[in-house]
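A.B. asks: These two chains come separately, so use the hints to put the complex back together.
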Amino acid sequence: MSTGGSTTQPVFDEASRIVVAAALDAQVPGASDLGAVAYVEQLLTALDHDPPRIWAAPEASGAEWLELGAWERAAWAQRIDAMRVAYARVAAGDATEADRRMLHDHACEATYGDPAYGGNRDRGGWQRIGFPDPMFPPARAAQTVDATPAEAT
Amino acid sequence: MTDADCDAIVIGSGPGGATAADVLTAAGWSVIVLEKGRNHLVDLDAPHDPLRHLANDEIALVHRHLLGPDPLLEPRTYRRSVEDGDRLLTGEVNNLPSTVGGGGFHADAKLPRFREEDFALHTTRGPIDRADVRDWPISYADLEPHYAAVERIIGVAGEVGTNPFAAWRSSGYPMPSGPDMAMALVSSAAAERAGLHPYRAPTGTNSVEYDGRPACVDCGFCGRYGCPIAAKGDPIASLQRMLRTGRGQVRPEALVTEIVLDASGKRATGVRYLDLTQHPDAPVVELRASRAVIVAGGSFETARLLLRNDLGGDLVGRNLTYHFQTFTVGVFADDTGGDRGRDVTHLHDDLMIDTPELRAAARQAGLPWLRGGVTEHGSAAGPVDEAAMYPGGAGHLAAMVDSSLRRRLWVLTMQGEDLAQPDNRIDLDPSVRDAWGLPAGRVTYRPHRHELVASAYSARVHEAILADAGSQAAFSATSPPQDHIDLHGDISPIGVAPASRHVMGTARMGHDPATSVVSPEQRLWDVPNVLVCDASVFVTSAGYNPTLTLAALSHRAATLLAD
Numbered sequence: 000m001s002t003g004g005s006t007t008q009p010v011f012d013e014a015s016r017i018v019v020a021a022a023l024d025a026q027v028p029g030a031s032d033l034g035a036v037a038y039v040e041q042l043l044t045a046l047d048h049d050p051p052r053i054w055a056a057p058e059a060s061g062a063e064w065l066e067l068g069a070w071e072r073a074a075w076a077q078r079i080d081a082m083r084v085a086y087a088r089v090a091a092g093d094a095t096e097a098d099r100r101m102l103h104d105h106a107c108e109a110t111y112g113d114p115a116y117g118g119n120r121d122r123g124g125w126q127r128i129g130f131p132d133p134m135f136p137p138a139r140a141a142q143t144v145d146a147t148p149a150e151a152t
Numbered sequence: 000m001t002d003a004d005c006d007a008i009v010i011g012s013g014p015g016g017a018t019a020a021d022v023l024t025a026a027g028w029s030v031i032v033l034e035k036g037r038n039h040l041v042d043l044d045a046p047h048d049p050l051r052h053l054a055n056d057e058i059a060l061v062h063r064h065l066l067g068p069d070p071l072l073e074p075r076t077y078r079r080s081v082e083d084g085d086r087l088l089t090g091e092v093n094n095l096p097s098t099v100g101g102g103g104f105h106a107d108a109k110l111p112r113f114r115e116e117d118f119a120l121h122t123t124r125g126p127i128d129r130a131d132v133r134d135w136p137i138s139y140a141d142l143e144p145h146y147a148a149v150e151r152i153i154g155v156a157g158e159v160g161t162n163p164f165a166a167w168r169s170s171g172y173p174m175p176s177g178p179d180m181a182m183a184l185v186s187s188a189a190a191e192r193a194g195l196h197p198y199r200a201p202t203g204t205n206s207v208e209y210d211g212r213p214a215c216v217d218c219g220f221c222g223r224y225g226c227p228i229a230a231k232g233d234p235i236a237s238l239q240r241m242l243r244t245g246r247g248q249v250r251p252e253a254l255v256t257e258i259v260l261d262a263s264g265k266r267a268t269g270v271r272y273l274d275l276t277q278h279p280d281a282p283v284v285e286l287r288a289s290r291a292v293i294v295a296g297g298s299f300e301t302a303r304l305l306l307r308n309d310l311g312g313d314l315v316g317r318n319l320t321y322h323f324q325t326f327t328v329g330v331f332a333d334d335t336g337g338d339r340g341r342d343v344t345h346l347h348d349d350l351m352i353d354t355p356e357l358r359a360a361a362r363q364a365g366l367p368w369l370r371g372g373v374t375e376h377g378s379a380a381g382p383v384d385e386a387a388m389y390p391g392g393a394g395h396l397a398a399m400v401d402s403s404l405r406r407r408l409w410v411l412t413m414q415g416e417d418l419a420q421p422d423n424r425i426d427l428d429p430s431v432r433d434a435w436g437l438p439a440g441r442v443t444y445r446p447h448r449h450e451l452v453a454s455a456y457s458a459r460v461h462e463a464i465l466a467d468a469g470s471q472a473a474f475s476a477t478s479p480p481q482d483h484i485d486l487h488g489d490i491s492p493i494g495v496a497p498a499s500r501h502v503m504g505t506a507r508m509g510h511d512p513a514t515s516v517v518s519p520e521q522r523l524w525d526v527p528n529v530l531v532c533d534a535s536v537f538v539t540s541a542g543y544n545p546t547l548t549l550a551a552l553s554h555r556a557a558t559l560l561a562d
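Each protein sequence line maps, in turn, to chains B and P.
Note that numbering that gives the first Met the number 0 has the first sequence beginning at 0, numbered continuously upward.
Note that numbering that gives the first Met the number 0 has the second sequence beginning at 0, numbered continuously upward.
So that you can see chain P by itself, here it is in the shape it has in the complex (with noise of 0.2 Å):
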């Protein structure tokens, strides 16, 4: 083709768009990136500086949805089964920012890689009933070089060798760890005395300048803020690199409604958009690529944009995952420290590790496995969530003094490996409709039990090592909840739906067309010059925070492409 206007084009310019744009455009593609949030991070012209959109402003940025999605104007809807009816709620779901960047631009960067055995579970831990377990088409082995190359990008803090169930490693991490938060030190004190290994996170925050962004002040302010000094290195990095080829471009304010076949039907021509900076007649723009469609809107966006399509098969949207998130939450004497460093700087893998303890409580509860997932040693809220936590009313500034729910709050947040459920899934609301009369996605999901059963077991051993490292109180919860139901999702802290913004496997890759929606290399089976570069085509949920393991996935895929 010699009229298009790119060689390739990517839908979404968070952790994956942004990773496959780099790896094309250094190949010597011509790449154009289409956001349809705004642009806060990244100045389209050169010299490509970091733009100064960002402060440390709870309202802007946790209450006001400056890095969008406006559930306004796009909503979505949450069921837990059929049996709650169309939907359960309407509003806020998962919802990662939409905004150029995407999903790095607002998570505290926690990047550690997954272990050999997640790419493996059907083969090292067997079948569960009612689940959907598989091994991935790939291995660990086949995603090391791009794990290693990712990293070097984006810049990621770690130490080897202090993690005894870490994967093998072709290189060390390009920088050290950065500063201990206090409080993490005392949390995996506790843990040992338990007989656990925790060990510093790898993140994705500059423990020192890297690549000509600064290094992290411990502002505090890291989950769900952007950085304003472009200490965290995803997405940021990706895009300048992408940008500064002159090969790239970004078009942020550009929703993608179709994409484009020739007329077998099996070859994407281009996509067609709508033009958001125009209101309220939003114009239609048709866009040409020569070699390749990449979608990367995320899994919940992607599903509903193949959904709309028609496109990749009868199992796009299903067997959705997240991970099945457990709060241990202790309640301290004294100030912990948790509003200032990186939210997070310390980890621990061992409930997804195959010991005699997990065995045990698999057995008793009648499954053949349990696995829970890493634990997030660490804490953050603003004062205006704190206040917005407490009850109305005269005791509401002593409540704010007091702090239990802030100053004085640590919280061991175990990310609990999700089982894939083919009736977990996204797909499109029968009458709800985005600003655009497009139709919301819909998540129907409801946990396995293995779930349940692991995340008991975390309450426990986690309950006891706040317990032991001084706590005065500790307690544990869930996302979503498990007890009852509150509809007023709104006031609820952790909300109806799933808190959790790990997103995952409504486009799952493999081998076979008849069990999977994408190839090993990532290329829908019915249309192949189309190819999925997010979380949307993991196998499992494993249970590790996955843009590292997405951005590497899209970066194999993207070098597979222009090879």
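Just chain B, with the same shape it has in the complex (with noise of 0.2 Å):
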């Protein structure tokens, strides 16, 4: 999986940034110092780069990023378009229900998937919770599960 996002360039100006940061931690608190800003910039610039940043690809692939057909680029310029509008209404102050929805998805997101999207830094959002640690590829003896039935209580 990619590292990704170290090169991101910053979309929010300082002020902007403070006020995303806080909208996403409404959502999710400590989701801005896993990273969450920096998600929601990868994101919104994630067309700026080729392939973009939208698939993170496996190393098994070869790849940091998979490609996207015509249409699919497309349609996330549409996609990504929306959320800078929605993103400009959150820095001002103005969100909508419509936006809340969106910071909580990216919010989680941010927090909870995968680092090379630009959040859940060094992994901090999975280690919080206990969620096992790489993902992908386990190794069996580690994730072949206890075929011992608890007893129920």
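Careful, some of the hints might be misleading.
What the hints assert, rightly or not - Derived DEER-like restraints, expressed as beta-carbon distance ranges:
| id | chain 1 | residue 1 | chain 2 | residue 2 | range |
| --- | --- | --- | --- | --- | --- |
| 1 | P | Phe474 | B | Arg88 | 32 to 40 Å |
| 2 | P | Asp42 | B | Gln126 | 33 to 41 Å |
| 3 | P | Arg459 | B | Asp121 | 44 to 52 Å |
| 4 | B | His48 | P | Pro46 | 29 to 37 Å |
| 5 | P | His196 | B | Ala87 | 57 to 65 Å |
| 6 | B | Thr95 | P | Ala393 | 17 to 25 Å |
| 7 | P | Pro279 | B | His48 | 20 to 28 Å |
| 8 | P | Gly392 | B | Glu66 | 36 to 44 Å |
| 9 | P | Arg192 | B | Glu66 | 50 to 58 Å |
| 10 | B | Pro131 | P | Val207 | 20 to 28 Å |
| 11 | B | Ala97 | P | Ala140 | 48 to 56 Å |
| 12 | P | Ala393 | B | His48 | 29 to 37 Å |
I should point out that these hints are in silico values taken from the structure, not numbers from a laboratory.
The beta carbon of each residue, even a glycine, is placed where N, CA and C say it ideally should be.
C.D. replies: This is how it looks when you write it as structure tokens:
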């Protein structure tokens, strides 16, 4: 998986960044400390890269990011344009209910998704809930489930 | 015809299309498979190894439409009835993957067979008011050799003799069952104490190395994820076999818009498709087939294509069925281990069986009979999905640590038999269009009272089982929801529209053109060299996961076509 995000250009100015970080933290406390603003900025600038930073590629693929099809790229351009408008509202303190749902989604993805997307810094989101790391590939011996039935309580 | 591009064109590369293409190329036919989605599955160049595009990446696969379809490009609409107006919502409705491999790619590969009775429900159980209950034009015995064949091709792991209700088999499973999920043993023991008969689920996931593909490592990312190591045989096995004959090819990003007929209007000569590798103007490409066109886009897209082409008659799109899903959720004090394993390792069929208890429940409800569905013991959710289910705010981290909706969760999911009703249908939305200007598909669907009664029955039984298994709390929910409609479907974990990806019955098979769309050989009555090879042809939904049956039907239809 790509390490991602290291060359993402900032989208927000300093004042906007503080407001957006607070809005993300309001959904998932601690999200911004785990890179949620970087996650959003990487998403909003995903199409500035080639391949776009939409789908991280596994190491086995030999690439860092998967190519998008021509029509998929167009759909993501449309989606990102709408997100930029929404984040402008957030930064201006004018978030709508739909914007807050977007913030919730992004805060969750940034905190508990793959670090390739710019969030979950140092896998801190996974660590704070005890989620296994690394996700894949696991060693078979470590992942085979215990076939011994637990006692019903 | 001597100037044809191939013997047969197959529209759709999912389990139905891939199986048909495999059978036909093995019989010496040349086949071109057209897939509107992109390819993340198999190298189209020899030796056709799996592509390595996938990781256990919840963002890419669950939230960013890696396997398609992107709802901005391919919106669908939904309403419960005409009383909702033209539509209730626009966006994602039963979106199976739009990618090479189709719906098989994302499934967690539970592959039970139907039982004998499922093909003769009108004979064995009889009619029900306001439902169109019919027998299939074929029997289990007709299909059994093809079940056995596709089990071998896909590689199904299972065990014979532990499900007392299973239909007869001509052969065993090609692989033994894989490791049990520990909590499945606990819930199975409770089910047995309740008098039920759980058994190890037949799955298309390798328990041992099979056909050159490795054994599953029980990573836990199964349903909704493609397998990063190709331990699932469906659909890669059929596509690899087809490609390796040298007589088959797959063209991704090829959206079929038209089935081309000859001057008589009774024979298909090929198709026209949009080459979606080009943007913004996707050129039209014409492709000719000398012998047959096989439609295998899945019950939603197959109906949509036939409707756009005015093929198949007035019944196309009607009698849409899902499985009416009832999720009985138990929250336990300790981790259930549901986030590792194959999502589901155990099933029980008891609520499909004609028992005194179900007869009594039917009588009490004023119904002649009652059938539930196969019930899956399992649990799976990634942390992003879990996080999205909790309200934002100060308590969010505590909820994640407590993890009542992931680590401490165990679910009995009943795939309830959904009775066919002519008003439940796919048609063309009057105004919503896709990115290429084609009318979006629209679902009109409302469950029959039978489904609601069966669901309530299952909820009582399954809540008691989970309580006996040790749950702190157990509750049930259905998809689609019954009590109220939350119009914020985008934040509801199961949404407003049916969440089931088991979509069936929009081009039923039968003996009579007046009551069916395709013949017993799955040929359109009005254009016989057009075959339908997916779950559209199902006459009843049964209460079993449909993939193995649709693949077996496709295997049978293609075998008959090639003979």
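A.B. asks: Give a verdict on every hint.
C.D. replies: Hint check results:
no.	hint	in the structure
1	Phe474/P - Arg88/B: 32 to 40 Å	holds (37 Å)
2	Asp42/P - Gln126/B: 33 to 41 Å	holds (37 Å)
3	Arg459/P - Asp121/B: 44 to 52 Å	holds (48 Å)
4	His48/B - Pro46/P: 29 to 37 Å	holds (32 Å)
5	His196/P - Ala87/B: 57 to 65 Å	holds (59 Å)
6	Thr95/B - Ala393/P: 17 to 25 Å	holds (22 Å)
7	Pro279/P - His48/B: 20 to 28 Å	holds (21 Å)
8	Gly392/P - Glu66/B: 36 to 44 Å	holds (39 Å)
9	Arg192/P - Glu66/B: 50 to 58 Å	holds (53 Å)
10	Pro131/B - Val207/P: 20 to 28 Å	holds (24 Å)
11	Ala97/B - Ala140/P: 48 to 56 Å	holds (55 Å)
12	Ala393/P - His48/B: 29 to 37 Å	holds (36 Å)
Comparing the model with each numbered hint stated earlier shows that all of them hold.
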